[in-house]
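In order, the protein sequence lines correspond to chains F and X.
Following the working numbering, the numbering of the first sequence begins with 3 at its first residue and continues without gaps.
Following the working numbering, the numbering of the second sequence begins with 1281 at its first residue and continues without gaps.
It cannot be assumed that every hint is accurate.
No more than 20 Å apart at the CA atoms, straight line, and that leaves these computed lysine to aspartate or glutamate pairs for EDC-like [to be verified]:
#1 K1329(X) x D103(F)
#2 K16(F) x E64(F)
#3 K1381(X) x D61(F)
#4 K1322(X) x D40(F)
Looking from chain F toward chain X, a few residues come up when the C-beta cut is under 8 Å (computed) [said to hold, decoys possible]:
#5 F14
#6 R15
#7 G44
#8 Q52
#9 T88
#10 T102
#11 F107
#12 V115
Quick list of the computed label-pair ranges, beta carbon to beta carbon [as the list claims (entries may be wrong)]:
#13 P41(F) x H1362(X): 21 to 27 Å
#14 K1381(X) x N30(F): 19 to 25 Å
#15 S1289(X) x R112(F): 41 to 47 Å
Please keep in mind that the hints were generated in silico from the structure rather than gathered at the bench.
None of the values given here were measured: they were computed from a predicted structure.
By construction, the Cβ of each residue, glycine as well, lies at the ideal position given by its N, Cα and C atoms.
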Amino acid sequence: DGGITQSPKYLFRKEGQNVTLSCEQNLNHDAMYWYRQDPGQGLRLIYYSQIVNDFQKGDIAEGYSVSREKKESFPLTVTSAQKNPTAFYLCASSGLAGVTDTQYFGPGTRLTVL
Amino acid sequence: AQSVTQLDSHVSVSEGTPVLLRCNYSSSYSPSLFWYVQHPNKGLQLLLKYTSAATLVKGINGFEAEFKKSETSFHLTKPSAHMSDAAEYFCVVSFITGFQKLVFGTGTRLLVSP
């Protein structure tokens, strides 16, 4: 089956810890995205990548970091600098970069700070 | 500037009655518009998209939406609600600014009663 997988489904972080959320796609898509979802709000863009070894900050990148070493993988690290990391994190991908295309979403990771 | 306003945070219907979820958009360009559905603790699933072809767009699960430029609206409808339609629905405007950026509405929660 083609699709996007995210792991883990639930993640708990202690204060001062960095944690990494995994996102893998087997759709052969060029572009990948990370979004954050908070209750009562729409999704907000954290980072995006249009090609391997390149990524750009989105609207709320502070306290987060990413890498894109392989086309199919786009992990997100939530650092201790992110002051309010408790949220639902969604990864997405689209086939073509820089054009209007459908973004397909993974099942999400719910991060909770203890 | 691109923006999306979902006019109702909650909509309640009875099973078998019509569904109307309202969305207005603001866009400097000819917009591309999407509706996504999200079931609890799940990722987003594409219902339908408008990309300047036919103004009446048919999607999955019996949903459709009509693009009305004069009213800057893209309302989502379904003739007969099913219990499985209970979910959160997001209206999204897409535009290209070096990459494909999605701007999300705040969502409408659809409640379906027996």
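(request) May I ask which of the numbered hints given earlier this structure violates, with the numbers listed in increasing order? (result) Numbers 5, 6, 9, 12, 15 - these are the hints that the structure violates, sorted from lowest upward.
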